[in-house]
Amino acid sequence: KAGVTQTPRYLIKTRGQQVTLSCSPISGHRSVSWYQQTPGQGLQFLFEYFSETQRNKGNFPGRFSGRQFSNSRSEMNVSTLELGDSALYLCASRRGLPSSYEQYFGPGTRLTVT
Amino acid sequence: DAKTTQPNSMESNEEEPVHLPCNHSTISGTDYIHWYRQLPSQGPEYVIHGLTSNVNNRMASLAIAEDRKSSTLILHRATLRDAAVYYCIPGVDSNYQLIWGAGTKLIIKP
Numbered sequence: 001k002a003g004v005t006q007t008p009r010y011l012i013k014t015r016g017q018q019v020t021l022s023c024s025p026i027s028g029h030r031s032v033s034w035y036q037q038t039p040g041q042g043l044q045f046l047f048e049y050f051s052e053t054q055r056n057k058g059n060f061p062g063r064f065s066g067r068q069f070s071n072s073r074s075e076m077n078v079s080t081l082e083l084g085d086s087a088l089y090l091c092a093s094r095r096g097l098p099s100s101y102e103q104y105f106g107p108g109t110r111l112t113v114t
Numbered sequence: 115d116a117k118t119t120q121p122n123s124m125e126s127n128e129e130e131p132v133h134l135p136c137n138h139s140t141i142s143g144t145d146y147i148h149w150y151r152q153l154p155s156q157g158p159e160y161v162i163h164g165l166t167s168n169v170n171n172r173m174a175s176l177a178i179a180e181d182r183k184s185s186t187l188i189l190h191r192a193t194l195r196d197a198a199v200y201y202c203i204p205g206v207d208s209n210y211q212l213i214w215g216a217g218t219k220l221i222i223k224p
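Protein chains in written order, with my numbering: chain A, 1 to 114; chain B, 115 to 224.
In short, the hints are calculated from the structure, not lab data.
Cβ atoms here follow ideal geometry from the backbone N, Cα and C, with glycine treated the same way.
Be careful, since some hints might not be right.
Have a look at the derived ranges for each label pair, beta carbon to beta carbon [claimed, not checked]: (1) A:79 with B:209: 32 to 38 Å; (2) A:71 with B:181: 41 to 47 Å; (3) A:70 with B:143: 23 to 29 Å.
Computed, partial: chain B to chain A, Cβ under 7 Å [to be verified]: (4) 156; (5) 157; (6) 209; (7) 211; (8) 216.
Between the sequences and the hints, there should be enough to build the whole structure, so can you do that?
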């Protein structure tokens, strides 16, 4: 079956702009999480959505937001972009809120802010 | 949250077994130990997980110490495609999210 897909794969924006990234989870997976990955900070959790509700949120400013649709597809939005937002943004899906935490990751969206 | 200690990097020869160690001395009794890997230019990929007993799957084996303070991921016959950063994740944080460390960069020599 198809894996997690993310669009676009690469994006270049300028400071002050906003950006929307999209994630389609594996069919049947109701949970979608978003992560930011940078060389200096590693993988950092942004937020998780389950059945269209945000269940958990990491320690990021309010400029980072997301939503999940009824078909489990998810989007994340970053407003007023800063240079430090340049990173690989990863989306991961899993079936539900489990006792073990097997997640399936997409290839990521590489965002460059100039 | 449980903390991990992994080597920054390791080298191994192709077609030889690889043992990737991880110390997680503060792990709680109910936390699963997960291993993920991230190949270059890709998102992380699930490898294996376990609680107390040793576990095997088609990708690797996971050996868990009796006191659960350490574990070892075993790749039985490394190939060049196994070159990646390997993350040992001992449980979850208060938000039920996996706790990602810096991982071990595995270099495979042909």
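Now for the hints, and whether the structure bears them out:
Checked against the hint of 32 to 38 Å, the C-beta distance between residue 79 of chain A and residue 209 of chain B comes to roughly 23 Å, which is inconsistent with it. Range check, residue 71 of chain A to residue 181 of chain B: about 45 Å between beta-carbon atoms, so the 41 to 47 Å window is met. Checked against the hint of 23 to 29 Å, the C-beta distance between residue 70 of chain A and residue 143 of chain B comes to roughly 38 Å, which is inconsistent with it. For the restraint placing residue 156 of chain B at the interface with chain A, the shortest Cβ-Cβ distance is roughly 6 Å, inside the 7 Å limit, so the hint holds.
A cut of 7 Å between beta carbons decides the hint on residue 157 of chain B: the least distance to chain A is about 3 Å, and the hint holds. The restraint placing residue 209 of chain B at the interface with chain A holds, with a minimum CB-CB distance near 4 Å, inside the 7 Å limit. Look at residue 211 of chain B: its Cβ gets to within about 5 Å of chain A, closer than 7 Å, so that hint holds up. Look at residue 216 of chain B: its Cβ gets to within about 6 Å of chain A, closer than 7 Å, so that hint holds up.
When held up to the earlier numbered hints, the structure conflicts with 1, 3 and fits the remainder.
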